[in-house]
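Protein chains: 2
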Amino acid sequence: MPGPVFDRIAIFGAGLIGSSIALAAREYRAAKKVVLFDKSEDVRARARSLNLGEVAETMEAACSGADCIILCVPVGAIGETTEAIAPYLQAGVILTDVGSVKEKALESMSAHCPEGVFLIPGHPIAGTEKSGPEAGFASLFRNAWHILTPLPQQDEPYNSAVDRLASFWEMLGAKVEIMEAARHDRVLAITSHLPHLIAYNIVSTAHDMESVGEGEVVKYSAGGFRDFTRIAASDPTMWRDVFLNNKEAVLETLGRFSEDLAALQRAIRWDDGETLFREFERARGIRKAIVEAGQDTDETNFGRNRPPKK
Amino acid sequence: MPGPVFDRIAIFGAGLIGSSIALAAREYRAAKKVVLFDKSEDVRARARSLNLGEVAETMEAACSGADCIILCVPVGAIGETTEAIAPYLQAGVILTDVGSVKEKALESMSAHCPEGVFLIPGHPIAGTEKSGPEAGFASLFRNAWHILTPLPQQDEPYNSAVDRLASFWEMLGAKVEIMEAARHDRVLAITSHLPHLIAYNIVSTAHDMESVGEGEVVKYSAGGFRDFTRIAASDPTMWRDVFLNNKEAVLETLGRFSEDLAALQRAIRWDDGETLFREFERARGIRKAIVEAGQDTDETNFGRNRPPKK
Ligand SMILES: NC(=O)c1ccc[n+]([C@@H]2O[C@H](COP(=O)([O-])OP(=O)(O)OC[C@H]3O[C@@H](n4cnc5c(N)ncnc54)[C@H](OP(=O)(O)O)[C@@H]3O)[C@@H](O)[C@H]2O)c1
Ligand SMILES: NC(=O)c1ccc[n+]([C@@H]2O[C@H](COP(=O)([O-])OP(=O)(O)OC[C@H]3O[C@@H](n4cnc5c(N)ncnc54)[C@H](OP(=O)(O)O)[C@@H]3O)[C@@H](O)[C@H]2O)c1
Chain A
1 MPGPVFDRIA IFGAGLIGSS IALAAREYRA AKKVVLFDKS EDVRARARSL NLGEVAETME
61 AACSGADCII LCVPVGAIGE TTEAIAPYLQ AGVILTDVGS VKEKALESMS AHCPEGVFLI
121 PGHPIAGTEK SGPEAGFASL FRNAWHILTP LPQQDEPYNS AVDRLASFWE MLGAKVEIME
181 AARHDRVLAI TSHLPHLIAY NIVSTAHDME SVGEGEVVKY SAGGFRDFTR IAASDPTMWR
241 DVFLNNKEAV LETLGRFSED LAALQRAIRW DDGETLFREF ERARGIRKAI VEAGQDTDET
301 NFGRNRPPKK
Chain B
1 MPGPVFDRIA IFGAGLIGSS IALAAREYRA AKKVVLFDKS EDVRARARSL NLGEVAETME
61 AACSGADCII LCVPVGAIGE TTEAIAPYLQ AGVILTDVGS VKEKALESMS AHCPEGVFLI
121 PGHPIAGTEK SGPEAGFASL FRNAWHILTP LPQQDEPYNS AVDRLASFWE MLGAKVEIME
181 AARHDRVLAI TSHLPHLIAY NIVSTAHDME SVGEGEVVKY SAGGFRDFTR IAASDPTMWR
241 DVFLNNKEAV LETLGRFSED LAALQRAIRW DDGETLFREF ERARGIRKAI VEAGQDTDET
301 NFGRNRPPKK
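Respectively, the protein sequence lines represent chains A and B.
Number 310 marks the last residue of the first sequence (full-length UniProt numbering); no jumps.
Number 310 marks the last residue of the second sequence (full-length UniProt numbering); no jumps.
Misleading hints may appear alongside valid ones.
Intra- or inter-copy, both count: the list cannot distinguish identical chains.
The calculated DSS-like cross-link candidates involving lysine-lysine, where the alpha carbons are at most 30 Å apart (straight line), are [as the list claims (entries may be wrong)]:
(1) 288 - 39
(2) 219 - 247
(3) 130 - 288
(4) 32 - 175
(5) 288 - 33
(6) 219 - 175
(7) 130 - 219
(8) 39 - 247
(9) 33 - 247
These are computed hints drawn from the structure, not numbers from a lab.
Chain A on its own, in the form it takes in the complex:
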């Protein structure tokens, strides 16, 4: 088994992702030491009592001696966090993040990142609908993709830093993929950002129907609605920042979605069963492919059908 990749990692933002990295780095021995910092005193205290690692009281103390720094704050806070820690970043350190949008994250970090620091943006395609330090668990990244969007055309030391960071994520159980930041943002717009927007929106629509009460929506949600509420329970700050920072790709994808939806609407209005059937039929293939690629469980109803305990 290979030894730890880093001597000391510093995690900024002890939420779901930050605390999961802390737990995983220790469990899978990917770093000798894990230090966490969070701007909130309350979160620091909770991180400490959860025993996530050493919790630093200042940004300077967190950075001191670290060979890898991982920003686990909402995308909109990546710039200010980089600016705040810039004075403590030494040449040769790796600076990465886990933000769900990569072009803007890169821009925000670049603006403040000192010379000689290896800036390598990243994004784990793993998460849950829960947030905060209590939500973290070590196996979150196992079998999940981790996308790195390194700067193009760099020198040998930079490339070897990318390799080291990739090894770190692999030790946490992830499969690493290299991609351009702009491409990442387009792909994630359809596989993650639009689904969240739609989920939030349908919950809003349900809320505001005067003709159907919220109690009824809740009661009969097993008809399909409940599936959307899971991801709509995700952190509002995180998601606000995703949409503000991946505006172009999200708006383009959303435009396509609305166009397609108008076509289905028209088919319903004009009793065009053939169009409806054709569109519904081809949806089955993609589900099959997702299950075969190991990206979702094959269990009926996500496995929620277990007979109740006797």
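Assemble the complex: chain A is given as a structure, and chain B with the ligands must be docked to it using the hints.
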């Protein structure tokens, strides 16, 4: 424990719902005898080898001696099925269905239902994304709602037939609710029909993006997209019929959805983080209510986060 409610039930359509009723009626002793019929010879053969109950070779044989007949065919086939079995329906028999739309189901059955038959439409709020006789299981209806939409202002014998049918479903583990057909269709439009339409639509949109390949969509679907593909894998015939038969309520609900989505789109375009945050924030409440009402699992990620087996 109370004895079986019916002497002999006849199930038309041996798909997911029909086969689940057959298995449940036997397992929970809700009927002394279960007979199934399906228009397809192939399905009849599979139902037989699955040991779902007695499989009749003709509609007449299936109806003969039954005190309760349950139509488990797609909503669009309820009319023709009623018409075909009408000659074999005797006074005093209960005729019910499980169709996901109730006004049109009622209309279709009424048009052909002989005098003296107790016509009581119904709809179990339980299902999965799988179909066919192999998909059934006895515990499907446990702890699920079952909505009955009886005719208004009937006489005592009719009301006692409603009570008997309710008892039958309760023996399968369901909680029975009485509702007007029109109200059912409005409530289900938001809790079930719109979610399915949206899910089908986002899968179509993903399919047709030239800028992102289907392979990439599949690969990174854990970001949220995969959640939608589950219900989009549901039976196309069933869902075509739902939309064609609950047109008005679906179009109205869809209109609200599109309006709300346009507002979110506008907020993204104009960098209105406050509106986004506000809308996202209130979505959490409804998730909490659904979990508290026992309508979904509280497990993170629907429980799909179990660490992989070693
Ligand atoms: N959740 C997912 O499924 C997922 C998946 C992949 C990537 N990501 C990305 O991971 C990052 C963190 O998300 P998360 O799910 O871990 O969120 P989280 O549980 O809400 O944690 C975010 C942490 O960042 C801190 N923070 C918030 N605003 C800040 C600011 N202005 N300055 C400094 N710190 C701030 C929060 O502290 P306070 O509590 O004190 O505000 C909190 O400790 C985001 O960039 C997100 O895009 C999330
Ligand atoms: N799936 C759910 O989650 C769910 C939940 C609640 C209620 N429902 C309702 O339950 C009913 C059955 O759905 P299901 O999920 O059980 O579907 P399914 O598994 O596809 O089974 C439907 C059965 O009906 C038969 N059928 C199809 N077209 C027919 C026709 N024109 N005439 C006679 N029989 C026909 C099919 O036979 P062939 O295979 O030979 O076509 C099949 O055996 C539908 O009305 C649906 O709205 C479904």
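Results for each hint:
For a Cα distance limit of 30 Å, the shortest separation of residue 288 from residue 39 across copies, 28 Å, qualifies, whereas the shortest one inside one copy, 43 Å, does not. Taking the shortest Cα distances, residue 219 and residue 247 sit within 30 Å of each other only across copies (23 Å), while inside one copy they are farther apart (35 Å). When the C-alpha separation of residue 130 and residue 288 is checked against a cutoff of 30 Å, the pair qualifies both within a copy, at 27 Å, and between copies, at 12 Å. In the homo-oligomer, the alpha carbons of residue 32 and residue 175 lie at most 30 Å apart inside one protomer (21 Å), although the nearest pairing across protomers, at 55 Å, exceeds that limit.
Taking CA atoms no more than 30 Å apart as the test, residue 288 paired with residue 33 passes in neither setting, with 42 Å inside one copy and 37 Å between copies. Within a single copy, residue 219 and residue 175 get their C-alpha atoms only as close as 40 Å, which misses the 30 Å cut-off; across copies the closest is 11 Å, which meets it. Taking the shortest alpha-carbon separations for residue 130 and residue 219, both the intra-copy value of 23 Å and the inter-copy value of 23 Å come in at or below 30 Å. Taking the shortest Cα distances, residue 39 and residue 247 sit within 30 Å of each other inside one copy (27 Å), while across copies they are farther apart (52 Å).
When the C-alpha separation of residue 33 and residue 247 is checked against a cutoff of 30 Å, the pair qualifies neither within a copy, at 37 Å, nor between copies, at 60 Å.
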